[in-house]
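The primary structure of each chain is shown beneath.
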Amino acid sequence: MNLAILQRDLQHFILTGAPGVHALVRADTAQSAARRIAVYSHGYYSRLLEVLGKDYIGLAALLGEDAFETLGRQYIAAYPSIHYNARWVGQELPKFMAGIAAYRELPHAVDMAKLDWAITLAFDAVDAAPIDEGYFSQILPERWSELVFKFHPALQVFAISSNVLDMKRADERGEPMPPAEVLPAPQHVAVWRRDLRVFYRALPEDERSAICVAQNGADFGTLCEGLSRQHAEDAVGMRAAELLRTWLHEQWLIGCGVGACATQPSPFNSTK
Amino acid sequence: MSVHTLGFGLGARVEHYDDLLATTSEVEWLEILSENYLVPGGKPRHYLTRLREQFPMVMHGVSLSIGSTDPLNTNYLCALRDLAQNVEPEWISDHLCWTGVEGINLHDLMPLPYTEEALTHVVARVKQVQDYLQRPILLENVSSYIDYRCSQMSEWEFLNAVAEQADCFILLDVNNVYVSSRNHGFDPARYIEAINPQRVKQLHIAGHDDQGDLIVDTHDASVANAVWSLLKLTYQHCGMVATMIERDANVPPLATLLSELGTAREIAHQVCR
Ligand SMILES: [Fe+2]
Numbered sequence: 656m657n658l659a660i661l662q663r664d665l666q667h668f669i670l671t672g673a674p675g676v677h678a679l680v681r682a683d684t685a686q687s688a689a690r691r692i693a694v695y696s697h698g699y700y701s702r703l704l705e706v707l708g709k710d711y712i713g714l715a716a717l718l719g720e721d722a723f724e725t726l727g728r729q730y731i732a733a734y735p736s737i738h739y740n741a742r743w744v745g746q747e748l749p750k751f752m753a754g755i756a757a758y759r760e761l762p763h764a765v766d767m768a769k770l771d772w773a774i775t776l777a778f779d780a781v782d783a784a785p786i787d788e789g790y791f792s793q794i795l796p797e798r799w800s801e802l803v804f805k806f807h808p809a810l811q812v813f814a815i816s817s818n819v820l821d822m823k824r825a826d827e828r829g830e831p832m833p834p835a836e837v838l839p840a841p842q843h844v845a846v847w848r849r850d851l852r853v854f855y856r857a858l859p860e861d862e863r864s865a866i867c868v869a870q871n872g873a874d875f876g877t878l879c880e881g882l883s884r885q886h887a888e889d890a891v892g893m894r895a896a897e898l899l900r901t902w903l904h905e906q907w908l909i910g911c912g913v914g915a916c917a918t919q920p921s922p923f924n925s926t927k
Numbered sequence: 031m032s033v034h035t036l037g038f039g040l041g042a043r044v045e046h047y048d049d050l051l052a053t054t055s056e057v058e059w060l061e062i063l064s065e066n067y068l069v070p071g072g073k074p075r076h077y078l079t080r081l082r083e084q085f086p087m088v089m090h091g092v093s094l095s096i097g098s099t100d101p102l103n104t105n106y107l108c109a110l111r112d113l114a115q116n117v118e119p120e121w122i123s124d125h126l127c128w129t130g131v132e133g134i135n136l137h138d139l140m141p142l143p144y145t146e147e148a149l150t151h152v153v154a155r156v157k158q159v160q161d162y163l164q165r166p167i168l169l170e171n172v173s174s175y176i177d178y179r180c181s182q183m184s185e186w187e188f189l190n191a192v193a194e195q196a197d198c199f200i201l202l203d204v205n206n207v208y209v210s211s212r213n214h215g216f217d218p219a220r221y222i223e224a225i226n227p228q229r230v231k232q233l234h235i236a237g238h239d240d241q242g243d244l245i246v247d248t249h250d251a252s253v254a255n256a257v258w259s260l261l262k263l264t265y266q267h268c269g270m271v272a273t274m275i276e277r278d279a280n281v282p283p284l285a286t287l288l289s290e291l292g293t294a295r296e297i298a299h300q301v302c303r
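For the record, the sequence lines run as chains Y and D. Mapping the first sequence onto the numbering used here, position 235 (from 1) lands on 890, and the numbers just tick up by one. Mapping the second sequence onto the numbering used here, position 266 (from 1) lands on 296, and the numbers just tick up by one.
Okay, chain Y solo, but in the shape it has when bound:
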């Protein structure tokens, strides 16, 4: 029998549990052949469910074992693993959930899936060395407004519409999750890695827009301009300095420099 056909057929039996595998494999009876194939079918689903369970800890706790397994099986059937690394199996789960009517009525479940996946991504995102305060002390005061920032690749910002941060924190402390609530307005969340640990927190609106502006490559002057729309003029400098200190402490910043123009003189104070 042609190898390609054999592999295609066998894979079909494993994924679907369809009858007829006795024609391919040696066994005393058709039942015995089915039992042997079932070891592989069971292995396939249980292995991927295990990966999903590790990547979606909050969601698994929120839905409970049975509902999580049902969702996981539907998802695996719709999105068979195509990557060489099982680490990516869960990549499309938030999208998959958003497309299911039942989950559109549970926005907190979709939010939790997004949060869990962001945490998974931050865990092994590419390494980058954070900058420290000393880095800023070298910058000439007149060049500050031109500074652009580079953020750590593990940092992710996204919106949620429910109280999943509280739910996740409770679960991490081993406490029961509070009841799900829809927030009065969408809330932005940051997920990041500091040293080797992953963190998450809510972002105030001014900080969210400052990050958004800075991540898009705008300079510090533009960032302050944005803040001035949300703060009194004399408070803008303080707030900007506070944000930078926070971002440094949380290891979100991995570099800064002056814009795209490489021919400009260095923004750094050469005398130090």
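Because the hints were derived from the structure by calculation, they are not lab data. Where hints are given, some of them may not hold.
Coverage of chain D stretches by chain Y, computed from C-beta distances (three or more under 8 Å per stretch; other residues unrestricted) [what the hints assert, rightly or not]:
1) 146-158
2) 176-190
Heads up, simulated SDA-like pairs for lysine to any residue below, C-alpha to C-alpha not over 25 Å straight-line [to be verified]:
3) Lys-709/Y to Leu-50/D
4) Lys-73/D to Asp-782/Y
5) Lys-709/Y to His-76/D
6) Lys-157/D to Ala-659/Y
7) Lys-709/Y to Asn-818/Y
Note that beta-carbon positions come from the ideal geometry of N, C-alpha and C, so glycine has one too.
Model the placement of chain D with the ligand on the given structure of chain Y, informed by the hints.
Okay, now just chain D with the ligand, sitting in the frame of chain Y:
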């Protein structure tokens, strides 16, 4: 005892990272599951670097899918080569199996039919991989629960032929020989004695789950007595070969695995002195 083997090693498991870094010479080398470190950064790569400073390493993969009729995954090969450049492993191994077709990954080690067609197919692909990685690879015999009607030769004949024709090496998993022997009703001693000892570079031992009608390779228990006996036979047949214990689930404290490793050492000393 030959001085040209790595000795006795363990798989690098997250649960043991810190204990391994603090351990002395009882663990002579580590086997890493390549896919666990084919990630951009963070904790896995951090610990890999630290462990590598302390231990010789071999890289063991599960995604090569050497027997699949899908094209070889060049993204995977490229990532594997990059990792090998970092790790500088003693060798790289994977399994004599296929893991999926039509772009799907079953994340399982599917046995091949032991036919001339499959042999030709696998040999050509092993050569391609070895050219790409610029080194010979080791292929491991898998545990299996099915046996194809179209097979024309025994698994050991097939394994020997692949190693010979592709000029690669064998990672002989003694537990897998036992598991498959029980599932398919062959004599495991006959399998081991038929393997070309010149090609065997590494051994795996592990625990399994006896479900009565089938034995399932679970790596979640201590090594069974029957497998210890087969390990002894393997040393008698092959001489001393680098040996490691695979434990992937229900992972016990490091000390438990060290004591199992001690048992393997004793058997080797009895046989190979
Ligand atoms: Fe093995």
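Checked hints:
1. Coverage of the stretch 146-158 of chain D by chain Y holds [criterion: at least 3 residues with CB-CB distance below 8 Å; count 3].
2. Beta-carbon proximity to chain Y at under 8 Å applies to 5 residues in the stretch 176-190 of chain D; the threshold of 3 is reached and the given coverage holds.
3. A C-alpha spacing of about 24 Å is found between Lys-709/Y and Leu-50/D, which places the hinted pair at or below 25 Å, so the restraint holds.
4. The straight-line distance between the Cα atoms of Lys-73/D and Asp-782/Y is roughly 10 Å, inside the 25 Å bound, and the hint therefore holds.
5. In summary, the hint linking Lys-709/Y to His-76/D is supported, as the alpha carbons are separated by about 20 Å, within the 25 Å threshold.
6. For the proposed pair Lys-157/D and Ala-659/Y, the alpha carbon gap of about 20 Å is at most 25 Å, so the pair holds.
7. With a C-alpha separation of about 22 Å, the suggested pairing of Lys-709/Y with Asn-818/Y holds against the 25 Å cut-off.
The structure shown violates none of the earlier numbered hints.
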